[in-house]
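A.B. asks: As a plain string of letters, each chain reads:
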Amino acid sequence: MTPAVLHILLSLAAEDRHGLGIAADVKAFTQGRLTFGPGTLYGTIKRLLDAGLIQDLGQPHGEQDDPRRRYYRITVKGRRALERETEKLTSTLAVARRRLKTS
Amino acid sequence: MKLYRVLLRLLPRPFRERFEAEMLELFEQRSGEAGTTVGARVTFWRTVLADLVRSIFRERFNPTLQDLPLESGSRGGVSMGAFGSDLRQAWRMVARAPWLTAFAAVLMALSIGTTTAAFSVVNSVLLRPFPFARPDRLVIVWERQSVENQRNTVGAHEFPEWKRRSGSFSQLAALTFDREYNLTGAGDPMKLAAVRVTSDFFAVMGVPAEAGRTFDADEDQPGRGQVVVISDRLWRSRFGADPTLVGRPIHMNGTPYTVVGVMPATFEFPSGARGAPPDIWVPIAEPIHLYRGRHYLWVVGRLKDGVTVAQAQSEMDAIAAAIAREMPQFSRGHGVNIQPLHAEIVQSARRALLLVFGGVTLVLFIGCCNVANLLLARAASRQQEMALRMALGAGRLRIARQLLMEGSLLGVAGGTGGLLAASWLTSAVRAAAPADVPRLHTAHLDPTGLFFAAGLSVLSAVVFGLVPFAQVARIQIAERLKHGSKGIARPARQPLRTTLVLIEVTLTMIVATGAALMLQSFARLLNVDPGFQTRGILTLDIALPPARFASPASQCGFIDEAIARVAALPGVSGVAAASLVPQGGGRSGIAVAIEGRRAMAPGESASAGFRVVSDGYFATLGIPLAAGRDFNAGDARAAVPLIRWFPQQPLPPHFTDPQPAPVAVVNQSMARRFWPGENPIGRRFTVLFSPPITVIGVVVDHRDASLWDEPEAEFYLSSRQEPQGRITLLARSAAPLQTLPPMLRAAIWSIDRELPAADIHALSDLVDANVSLYRGMVVLMTAFGAAALLLMALGVYAVVSYTTAQRTYEIGVRLALGAQRADIGRLVLVNGLGVAAAGVLAGVGGAYALARYAAALLYEVRPADPATYASLAVLVLVVAAFATWAPARRAQRVDPVAVLRNE
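Residue numbers (this note's numbering), protein chains in the order written: chain A, 1 to 103; chain B, 1 to 903.
In isolation and in its complexed conformation, chain B is listed as follows (with noise of 0.2 angstroms):
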């Protein structure tokens, strides 16, 4: 249904609006009496294909064409009656060998379905504009803190100056992610996917509201701000899509926001930790100026018309040094990164989805290789009769006209194929589609991919009926004839053909090394130790609400009571919390100063990660002290929190009161890049604008960020000195863990039934969920590699038996002659093997090319390993001799008497 609707966009506009729902309608119904068996529903497409494409032809080309003769019956113009002459004929021919002709068809079916997904999927993420008003205009704008960190999130003190002084941005809106809001009220307590945002922001991104409206220019004003626009995602699956919703309000951590509007379904921007599409919008409704030093922001703006991104980085710049000189302590040494939208959010996938578009367009042109061989074949044992119809008057023109009439069948046929197989696939990639990949979710057939689908059955029909037509067109009439079928006479090299095979060869060796060097990248990611445990391992996402855990002491309180609950479940044996997942996703630098050394000059500060993590952390992740001990109950502190972010903020209560040193613990990274050589314990370091912190322990490194990422400097400090509101629990069990889940949401609800305690995972499946995009495109290039050695190994076959069949008649001789049927066998083999051997020397360089532009994607294999193109070159030989193998043997079987005697 969805398909045919589809197919019915290639009927010109008119008709399309006047007849497409009846059209529709009566496909229903058709379809309805078809028939779900297999064989009736292919019937069923058939007769429904043949209608549309008649119609569709019709319409397109011929649509005053008068075939309503009202008195007698002269059908068709003259010039459709060679037309459909030349059809039948070339219909008779493909008849004639319906093998050849399937296989062909089913080999351009495959080669133009998967290269049409590939595009769709390449077109959906990279080259679709998004659903914005000129998205060509929208840039996103960072800080640039340093050489290392070009893209900071943008200082408190920073937007509003940015926006009041600069004058090339029509709007400048300000986004951030840090608050958590459950949605409470009916049903289960939701964790939801929320982002602040300035008034302008949809003003920026230039989308209105599908229901409501979005924000008014001062419901972002401290004291406003009771107002969410939500996702149209959220909407159908939360509220039942009710028409009613606007206006009334919803309850998030137990406060009512008055619903403004709804956001149409395309509309996804922002999206948070781990690809998440927001869920809610809500204004920021804070005064960000008085937050100076405070960096929390994302900035988009809309450049005005006729600014380039250059220019308006210019004039950032010349902002940005003003407000160094002006405000030192904040911002000495920061520049601005102006970044257009589309680049910087389709950027991490770019080169993962280009590689794979890269594999499937050579897989295809190995495929077409081997549809032109076969046809190649085939027109040399026609060129008999093509002499025959020459000599009858035939011009060149007609024959070539017939040639061109039997590719476009095959066109046809492949095409129709083809775009069936996209369609499934395409449908099968969205499936599997990871959630990290920004819009793969949404890639589907579109008219672009109808159009380069189309576009690519033309080419091939154009392509395979002139290449055997470059074989006739040398037809010398008199020759051909004089030698009668035997074809003694026949051309003694097939030039052609051996190119094709060459290039097949070449191609195979590019798409098979570039397989075997992410498949060993992939091995060797796979081998990597993290150096914490993920098995048996559950995490839970808990976001407290800031209305009922405003205090840090009550969130200390919290965490200690939901560690002990769960602790107390059965079969649990650790538990801990941390603010942040090891490689979950998501990682926090933070300025740090060492004690006692000098300040770093601007522009270079220092950062290190880091995690505020519970007693028992590293024991229930089994990441072993080095040095020094863990945290403990001891170090529990009245005054929290000890970062504070911001020079104006307050110190906490109860600071000058006796009580434990704010304490840390650092990893050896960070060890060895501050204290090289020294003891770090004991030592001490302030963060932002903490009191200094003294190092009590040491851990072993371990990957925090993902597999690939060597491990960074970072610190730890504890929940019970720098409690949070946003935390993860992590339990280990040795019991199953589909057990546990609901155990864990009873313990959670036990302590309090409005918390979202829904985000169970297994800390395996995250750590696994960072190499998904990896490894389908490892499985991809791995399909693309076998699928181009089966290619390259029928279509050396193909030639290497054709050669020898042709050359019977002189291995006949030779044998009579007394050469050794060894000697014949070596004499097919080399043939087959030299042609081969040349291609892996043409790929070895084509393959380095390709590896190059991949090396990012590449774990610990250089883009030269040499072992790996010799073993491949040695592969794709082995293949080529197993191709070459059949033929040499019926060369050796040959009976030279048999041979002699036909003559």
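The following block holds chain A by itself, in its conformation from the complex (with noise of 0.2 angstroms):
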């Protein structure tokens, strides 16, 4: 799982967004280590959409919302996806950590 599917499926676990939201939010869980560029950003997107992983929920309802967003929403095959990817990050984690301590 690249670094860009990983967060931009962690930042929809949390709640719907749309593109800039996403990239907003994941500026910000990430203290702004990570940002995307356009490309990269809808790029992945649109892969996630292919795989399933993710849903289109089409145009915006609220009121202040700029008609051109459109808002994405984490699917159950992603949430399992993700949910796999954490265990294989923790017991990378561990093992990372028993290491570097040991040494």
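Any given hint could turn out to be false.
As the list claims (entries may be wrong) - Below, simulated BS3-like cross-link-like pairs (lysine-lysine); rule was C-alpha separation at most 27 angstroms, straight line: (1) B/K163 with B/K304; (2) A/K88 with A/K27; (3) B/K2 with A/K27; (4) A/K46 with B/K2; (5) A/K46 with A/K27.
These are calculated hints, taken from the structure and not from any lab test.
Combine both chains into one complex, guided by the hints.
C.D. replies: Below you can see the structure in the form of structure tokens.
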């Protein structure tokens, strides 16, 4: 799972967002370590849509929203993939902690 | 932002349609956060472009690639792995020689940038189709009056007949610029660029209105026609893009006209005087067929499907012959000349633009030769490395791939830099565009230009990758490794590199000679004495609205009044009025008949230029009288005007009353042409259907049309006898010119507050504007010439330095055997100059071919001017000698002991 995929799924795991919302959220929770360029962000979103990990909610409902924006929601499949990835990362992390401590 | 939007077009369409708006939004947000310092901008753009390039690559070539391996991390395919490793390897090699790479990339960026900018301009002006429906079907139809006048305005008796009888056109429309419209009402009065058209004009062009409608079929009938279609520009500038304007009246010349439509911004046809696009289109709304014999129409037509220009021409030839038989008094000897509209519009700029484009392409080639040379030098020094790789089992194909990858890195860097340079250059051209080059102000970097730049980059990447490979491919591995790192057994000659330098010198000779010829022409042009004074003279165009200045007497009165009031202004030392300003663009030729001469055969009637001028015109402009007298107040006639344009036109009132005779002043050319060897004073001639006009004075020839046109036969009528509703006031003042315009305006407005008085120019500016296109071209060509010389010097220097370095051992041996240091210097110098001389010889031929093509653009300089060729050859050789100088010095300083000890 590439960092872009992981972070977009993580962002959508909290709530439905539009593209700009995802970019802002990821920037915030990584303390600015990860910022997406437009190409990467929307390229990955398209890929995630194609793979069925997220779904397109279509035009916004709120009245102060820009009509250009579309909202995305994480699917069950996406949530499962995220969980599996998290488990994998957890075990990697455990190994890493152990070994760094011993060396 | 604009650039980013353009670049986004490189993404596949479905992706773009879905995400473009949002991507732009994110881009804007990031751009805002990035900061405004130069460093921050560069970082920002680098990040954004890298991101974009990556996604373009992925979306274009690998849209289904699943980089979402949900389970474990086997990344990419095998081929992608090799690709990545090639890329990393290439980057390492490129990074090892950062200066050389940076230099090559900058050279390429400049070359690609200038060429792309030149291409964009050529594309915008010459190639891009006009914004008309199926523009290839549009033609312009002229009256062919005689061999020397192939493009005459069409007679009012001809157009209705053409329209009725011809079957080649689906529509045929007429237009004319004969009337002035002043926008009055809100704000200062404004003179409009106006064209009167028949109703089907817009149908011919195939362009609908952007808002509202164009003209209905019957709106060009007499009595209708109080409607107007306005341009997008006028709608925005004057009416604040008011969407409710359509359907409401605006006031022109004090009369209300209903705005029925607004044309789109791209529709700027036809442009009138000095290339100004029209502000308004008004229906002709007059009985054209009654004005028989009056030539005042331009005719545009749309050919029916399947009809060629040649077929239409032959049909129209027959119709013209029939009209000439039926109405011999108007049409004897007149034919028809049909020309494709596109060619007709861009014709004037074509040669100049292609020349500039050719120049820039040659400079691009020279730049490329240099880059190729650099890479060859580098390849030569890497033969050892390549041989090692091959010995270790790398296939030649793999090596080629790697070299290609290095070339691609250069190509991408050069292409990206080139795009930035091109977008900047294109906007610079647009900002400096002279108005008389059609469509130049619309030049921009469009997808075609992007494609062009991308093509150049790919081409250069391939060439630059493969040129070194040609050398690598010849490597004899064992040979190479055996001789170790000193590389003594180098190939003795470098045929490829020497050839490249030869090509560079040849191309430089061509570009520099072209530039020199243009520069000389321009210098001669600027030295031409126009024959009249331009300094300290202001011009003010005035159009008298026909509603209030209908009678010739009122026009006379206005001219007298205006001259009197302006003359009273402080600092003004001379005032006059004229129908056409000298060199202000526009020329009116008119048929004349000399009394006592046999009437000319049809088709070759004599014509002469004419102007209507007030008393004191010649004195104000400093044009001396050669004989006779100037006009004066005693020439005032009651029966005006003199010229009747068609025979049915009634005689003016008071025609038979006793009054001063019709008089004219002629220039020396006219006197020589019509009264050779005689005294023209007192002789008489007629103009169209005028009473006989007596010559009272002869003025010294001056260049009325433009600086480069020799004076032609021309006569002047007095504004007291042939008053005009459209005149230009000329005021000469010793005071600084900036102080005069407000006073001029006030003086005009004190006579009539409704008159627009905004069109004030210095006469010197008008004259200057005539040569602005030429000046721009000369500046560009000179810049190209200088750039070519510089690049050539670099190329010669690099190659001679390199070969000299390779011959260090040989030189050491020679010195040890007793050769003089002067001999060594001469050896190197001759080596370099030999190539240069061969290049110069080859270049002379190419330069002559170019000069022949550009001959029409040269003024009083022959394309085969020997002095120019000789001096340029010397210049190129001197530059080459300078470039050889440093390596020659280095060769002289070789220490034989050190060299030999090293062995």
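A.B. asks: Between B/K163 and B/K304, does the CA-CA distance stay at or below 27 angstroms?
C.D. replies: Since the Cα atoms of B/K163 and B/K304 sit roughly 13 angstroms apart, the hinted pair holds (cutoff 27 angstroms).
A.B. asks: Regarding the pair A/K46 and B/K2, is the alpha-carbon distance no greater than 27 angstroms?
C.D. replies: Measuring from Cα to Cα gives roughly 24 angstroms; hence the hint holds.
A.B. asks: With a cut-off of 27 angstroms on the C-alpha distance, tell me whether B/K2 and A/K27 pass.
C.D. replies: Given that 27 angstroms is the threshold and the Cα spacing comes to 26 angstroms, the pair holds.
A.B. asks: Hey, A/K88 versus A/K27, does the alpha-carbon distance stay inside 27 angstroms?
C.D. replies: holds (23 angstroms)
A.B. asks: Holds or violated: A/K46 with A/K27, Cα cutoff 27 angstroms?
C.D. replies: Since the Cα atoms of A/K46 and A/K27 sit roughly 20 angstroms apart, the hinted pair holds (cutoff 27 angstroms).
Checked against the numbered hints above, the structure violates none of them.
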